[in-house]
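Student: So the chains spell out like this:
Number of protein chains: 2
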Amino acid sequence: MAKDFSTREENYSKWYNDIVQRADLAENSAVRGCMVIKPYGYAIWERMQSALDKMFKDTGHSNAYFPIFIPKSFFSKEADHVEGFAKECAVVTHYRLKNDPDGKGVVVDDTAKLEEELIIRPTSETIIWDTYRNWVQSYRDLPILVNQWANVVRWEMRTRMFLRTAEFLWQEGHTAHATKEEAIEETHKMLDVYADFAENYMAIPVLKGVKSENERFAGALDTYCIEALMQDGKALQAGTSHFLGQNFARAFDVKFTSKEGKLEYVWATSWGVSTRLVGAVIMAHSDDNGLVLPPKLAPIQVVIVPIYKNEKQYRMVCEKADEIRIAMQNKGLRVKLDDRDTHKPGWKFNEYEFKGVPLRIAIGPRDVENDTVEIARRDTLEKSVYQQQDLPNKVEHLLEAIQDNLFQKALNFRDAKTFYADTWEEFNEILDEKGGFIYAHWDGTAETEQKIKEETKATIRCIPLGNKKQEGKCIYSGKASAQRVIFARAY
Amino acid sequence: MAKDFSTREENYSKWYNDIVQRADLAENSAVRGCMVIKPYGYAIWERMQSALDKMFKDTGHSNAYFPIFIPKSFFSKEADHVEGFAKECAVVTHYRLKNDPDGKGVVVDDTAKLEEELIIRPTSETIIWDTYRNWVQSYRDLPILVNQWANVVRWEMRTRMFLRTAEFLWQEGHTAHATKEEAIEETHKMLDVYADFAENYMAIPVLKGVKSENERFAGALDTYCIEALMQDGKALQAGTSHFLGQNFARAFDVKFTSKEGKLEYVWATSWGVSTRLVGAVIMAHSDDNGLVLPPKLAPIQVVIVPIYKNEKQYRMVCEKADEIRIAMQNKGLRVKLDDRDTHKPGWKFNEYEFKGVPLRIAIGPRDVENDTVEIARRDTLEKSVYQQQDLPNKVEHLLEAIQDNLFQKALNFRDAKTFYADTWEEFNEILDEKGGFIYAHWDGTAETEQKIKEETKATIRCIPLGNKKQEGKCIYSGKASAQRVIFARAY
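These protein sequences, in sequence, are chains A and B.
Sequential numbering from 1 applies to the first sequence in the numbering used here.
Sequential numbering from 1 applies to the second sequence in the numbering used here.
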């Protein structure tokens with residue numbers, strides 16, 4: 001690629017930004033912290049949405065839509081919730097502009113001030129539980145299994161495309177249950193859906209676990225998460241599923257009559273993933289030649305590039321190439337034939353390599369004669385010649401092989417970057433020299449966790465589900481510990 | 001249905017609201033003018049989205065996403081645009097809350113005031129054309145064919161669920177072209193897509209036409225529209241497609257080098273439909289028994305209700321009903337088997353009739369013996385007995401017949417409600433006594449149009465495409481007119 005493109009070694013952060021911009025995924029907008037998701041980047045998000053939406057529906061959920069505005073007073077009803085979100089929210093105070101009496105342009109019309117300010121949703125628990133109050137009278141009205149695809153706004157100070165932006169797109173599931181057990185089961189079920197999606201679509205292995213109190217969602221009793229490892233050894237939280245207990249039901253007075261005829265508060269969960277996942281896919285698989293996409297999420301799975309020297313060859317090759325395209329499309333593959341004569345094959349090879357298209361098929365006059373094509377794999381950069389016979393099936397198998405290979409590579413990488421630390425020195429050494437996940441003993445207090453974060457920037461990513469109990473001493477305080485937890489520096 | 005449900009005759013407006021609420025489509029939220037779209041209502045919108053999205057992609061468009069915030073200064077760059085939208089927009093002025101020092105709850109943190117206020121998009125031309133400036137250098141970068149699915153906010157004073165809400169969901173296409181001709185062609189193409197969708201999915205006949213200057217989109221050179229007729233004789237604008245000329249390219253300095261090497265401003269279009277279409281579908285087809293949905297948009301196309309007297313019959317009937325369900329689902333139909341034993345068949349009949357499910361299949365013990373089922377059509381309320389053999393095909397044909405029948409009924413209704421008026425008296429008489437579309441002569445001036453609106457509340461819905469020229473006298477001013485235009489009272 002062009003020389004102004006960074007490698008991971010040189011500057012990981014610039015490498016990431018270069019890929020996002022040069023692969024046409026997204027760009028910064030005129031509004032601080034907000035990005036424009038360009039068609040190619042948005043197409044990846046659409047693939048994610050469509051797979052997740054089907055998984056949500058297969059597990060009994062329906063979509064709905066709630067207002068983007070939350071009355072300020074709703075926000076204060078759950079004490080932890082407002083603590084967690086009040087510091088970073090966009091506030092609507094007026095509902096009209098007027099011509100500037102002193103000059104050009106428009107100014108806010110002071111006579112159009114809202115009685116109560118409205119907050120742009122940073123998450124929708126409050127407005128949704130205010131609504132659920134009217135939906136629930138009896139146990140027969142439960143469970144409510146609802147999901148929403150929406151935009152949310154959190155006024156983050158340091159932003160980065162896809163990974164952390166002031167506005168982002170996400171889905172938020174909000175469910176209501178008659179019993180604690182059922183709500184906890186739902187929390188786990190959706191965590192499993194997320195892990196399944198991360199591993200089988202994004203080709204990223206994830207650790208499932210529960211957050212420590214410090215890292216818990218504001219208003220939750222327990223936050224479950226999936227944690228992925230990026231190529232620079234930093235962790236990335238890829239999805240969360242919260243058991244909210246009866247906190248929001250109490251705050252918004254949502255009660256139901258149980259089978260036994262008692263009036264009880266409803267149990268709640270919420271769970272979400274966002275456009276951050278696009279950032280995770282980019283970071284997990286791409287290389288110094290540009291973007292690498294898992295076939296299941298690639299907007300274009302196969303690109304066909306005709307090779308020719310003259311007009312006659314061009315027509316002959318394109319005719320065959322188009323046959324191949326149609327055969328593969330009929331098989332359900334996402335194929336593009338780039339038959340533009342304004343760009344040379346070499347330029348196209350670079351372009352689609354950089355954009356992470358999993359397979360490239362080149363076809364020239366000799367291929368037409370010999371009934372062959374040349375296929376290049378994006379993941380390994382290997383090229384091989386294939387007979388055209390039964391090509392759609394061969395291509396399908398190659399795509400599956402790439403999907404598997406990307407997952408296996410990411411898994412091997414994570415295994416190689418998973419460490420055990422038993423002393424503070426060891427812990428710091430691993431953090432600074434190797435990165436990755438570190439299993440270490442912790443005394444279980446929020447204070448220790450906070451101090452470790454302040455001194456090393458590492459946080460507890462999670463306490464893995466089914467973690468084995470093992471006595472030891474906290475790497476920081478030396479106090480007794482009943483289990484190792486997973487530390488890492490994180491996005 | 002229950003006695004508290006209005007008929008169209010009694011109170012058309014209440015009838016509409018009753019359907020929206022009692023069929024579980026939507027409800028008002030705690031935020032003024034914003035609705036909650038409930039799962040059943042949202043499922044109709046999802047069917048619309050999926051059909052339209054495919055039509056947009058089949059015509060070469062891609063989806064993308066632009067920020068919800070528009071810097072205030074962008075708004076003023078196109079003079080007509082700001083005039084049209086400044087009066088009804090939500091303004092973000094602050095980005096943080098803090099604990100109220102004088103008491104409970106939170107207040108806006110005055111130290112977190114934005115330097116420049118942000119407007120919640122009422123439509124995205126300005127932020128998008130600010131972005132396009134960097135996407136376009138040469139004619140080779142054109143056309144840009146982009147669509148966005150998003151929420152927008154217009155601070156309307158009088159709102160009505162689906163038809164006019166402060167926040168609504170929509171799609172907005174924004175395209176950029178090298179020539180005027182190409183942009184105009186795109187405007188027409190997307191109008192045709194909308195008309196196709198309205199007639200073939202929503203089963204609503206529409207008139208295609210161009211708006212008068214008064215009714216034009218703020219910033220457009222021409223606004224094309226599709227106009228539908230509701231059962232109370234009022235018109236409803238169901239979609240618009242705007243030819244924006246070079247207005248936004250000039251305002252945001254978007255130029256390109258043409259094939260001839262000249263620097264020129266880019267030509268623009270924009271086009272959109274919204275959740276208002278859900279309101280149109282409800283109003284166009286429903287009757288005094290509740291909602292009526294066209295099969296192509298119905299979340300549930302067929303409901304199966306088992307009839308039984310005892311546990312043994314229940315099991316026998318449900319087994320057969322489930323076989324039927326599976327056979328129909330395998331055919332791609334959207335089927336629900338309601339085998340709850342907590343509700344009686346009569347209750348279920350009412351429920352699904354009210355919710356507009358196109359076909360209801362009842363199956364009892366005698367049906368199981370005789371290999372029959374009873375099928376009731378929601379549109380005609382007719383019931384017939386069918387042999388179970390080949391049932392999925394029969395059901396598919398019935399659904400097609402319902403789709404066609406709803407369109408034909410709506411077309412007949414519109415034909416019966418289309419009038420010609422040659423005098424002011426005639427015009428007023430038709431408006432007050434019959435409603436519907438009125439073809440009448442108009443002198444072509446904005447003043448006359450405005451006066452007609454003030455005196456009668458009727459507006460020019462459109463000048464039909466391919467309108468035949470015909471000399472006459474303006475019904476209001478008596479001045480010369482070259483053609484009839486279409487008037488109606490409208491939503």
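None of these hints come from the bench; they were simulated from the model.
Possibly wrong hints are sitting among the right ones.
Chain A stretches covered by chain B per the calculated footprint, using a threshold of three residues with CB under 8 angstroms from any CB of chain B [stated by the list, open to error]:
#	stretch
1	8-20
2	58-72
3	123-133
4	335-346
According to the in silico footprint, chain B covers these stretches of chain A (three or more CB under 8 angstroms from chain B) [as the list claims (entries may be wrong)]:
#	stretch
5	25-35
6	76-88
The structure presented is a predicted model; accordingly, all values stated were derived computationally and were not measured.
In this text, a Cβ means the ideal position worked out from N, Cα and C, and glycines have one as well.
Student: Give a verdict on every hint.
Tutor: Here is what the structure says about each hint:
{"no.": "1", "hint": "8-20", "verdict": "violated (count 0)"}
{"no.": "2", "hint": "58-72", "verdict": "holds (count 11)"}
{"no.": "3", "hint": "123-133", "verdict": "holds (count 3)"}
{"no.": "4", "hint": "335-346", "verdict": "violated (count 1)"}
{"no.": "5", "hint": "25-35", "verdict": "holds (count 6)"}
{"no.": "6", "hint": "76-88", "verdict": "holds (count 5)"}
Violation of the numbered hints given earlier is confined to hints 1, 4; the remaining hints are satisfied by the structure.
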